[in-house]
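Novice: These are the residues of each chain, in order.
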Amino acid sequence: MQDRANMKAKVYVTLKPSVLDPQGKAIHHAVEGIGYRGVTDVRQGKYFEVTIDGPLDRDEARAEVERIAREVLSNPVIEDYRVEMD
Amino acid sequence: MKFGVVVFPGSNCDHDTYHVISKVIGQPVDFIWHRQNSVSDYDAVILPGGFAYGDYLRTGAIARFSPVMSAVKEFASRGGLVLGICNGFQILCEAGMLPGALLKNDKLKFVCKHVNIRVEAADTPFTLRCQRGQVLSVPIAHGEGNYFCDARTLDELRRENRIVFRYSDAKGVVTEEANPNGSLDAIAGVCNRERNVLGLMPHPERASEEILSSADGRIIFYSLADTLAELAKAS
Chain A
-15 MQDRANMKAK
-5 VYVTLKPSVL
5 DPQGKAIHHA
15 VEGIGYRGVT
25 DVRQGKYFEV
35 TIDGPLDRDE
45 ARAEVERIAR
55 EVLSNPVIED
65 YRVEMD
Chain B
794 MKFGVVVFPG
804 SNCDHDTYHV
814 ISKVIGQPVD
824 FIWHRQNSVS
834 DYDAVILPGG
844 FAYGDYLRTG
854 AIARFSPVMS
864 AVKEFASRGG
874 LVLGICNGFQ
884 ILCEAGMLPG
894 ALLKNDKLKF
904 VCKHVNIRVE
914 AADTPFTLRC
924 QRGQVLSVPI
934 AHGEGNYFCD
944 ARTLDELRRE
954 NRIVFRYSDA
964 KGVVTEEANP
974 NGSLDAIAGV
984 CNRERNVLGL
994 MPHPERASEE
1004 ILSSADGRII
1014 FYSLADTLAE
1024 LAKAS
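Chains as they are written, first to last, in my numbering: chain A, -15 to 70; chain B, 794 to 1028.
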């Protein structure tokens, strides 16, 4: 049962393509300002590491993290999410 | 008639709101702690401005899971009147009680100033003392007030006349310059389909007495009190 201990999930939350990202734009602007060429866009998002140490197997843990990502970590009106299990 | 003002950890306009209800409007009001799991003692519930739970994750994202919000949701589903001001509006959107979301202001700045809003719908319990087209001078103070919803929702809001306030100039003309945060369609406040839940980014409680340079905001609280008085008479 070693694989059940301390499973780690990575959750990426990003703004939907239809939502403007003024922070990403400001970062893009700064990146261009300091001389980097060829960067056409920067979008800012959020990254979460979720550690699970319970009676769940890997698939169950993934399903649980998917639920957490959907219900808590992201707002479906403006954001998408992606879950990766380590 | 009894008003309740919800207090989350991080609320900071709760006392202003309480003051306006008790001293300006002259109605009974209580604070409701966020751990309370019933609001059935009240006729109207106000979610005040502030930074509930530090606004961690997203504005209003943690607050929506507090015990009091389940009670507020149930209260609203039974027709109870719910008003969300600034952070309260953000919480109502996160809770799914109002459509859309409040994004970071388009210019990325926290904006704190008096703005003008035009009353677009006077047929809500919160605006019945207003005239359609009336302009109110009220302050905003937010970093995330940029209203956003998808195109279908916007159509629905327009069709159902649920955009209650739009940012405008002093004459009531909606212009790009008058929009302080990039809000879609200059939306400053919307209501739900049943019209008993309203959220707005401006702070009417900060403009309810002449000494504060505008008393325009109090019309919203008077409208609410009128509605409750009518309801009490009818029952």
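Read the hints as simulated data drawn from the structure, not as lab findings.
Please note that the accuracy of each hint is not assured.
Unchecked claim - A few chain B residues facing chain A, derived, Cβ under 8 Å:
| hint | residue |
| --- | --- |
| 1 | E887 |
| 2 | A894 |
| 3 | F941 |
Quick reminder that beta carbons are idealized off the backbone N, C-alpha and C, glycines included.
Novice: Each hint: holds or not?
Specialist: Comparing the hints with the structure gives:
1. Taking 8 Å as the C-beta cut-off, the interface hint given for E887 (chain B) holds, the closest approach to chain A being about 7 Å.
2. Hint status for A894 (chain B): holds, given a least beta-carbon distance of 4 Å to chain A, under 8 Å.
3. Interface restraint check: F941 (chain B) against chain A, minimum CB-CB distance 6 Å, threshold 8 Å, status holds.
Checked against the numbered hints listed earlier, the structure breaks none of them; every hint is satisfied.
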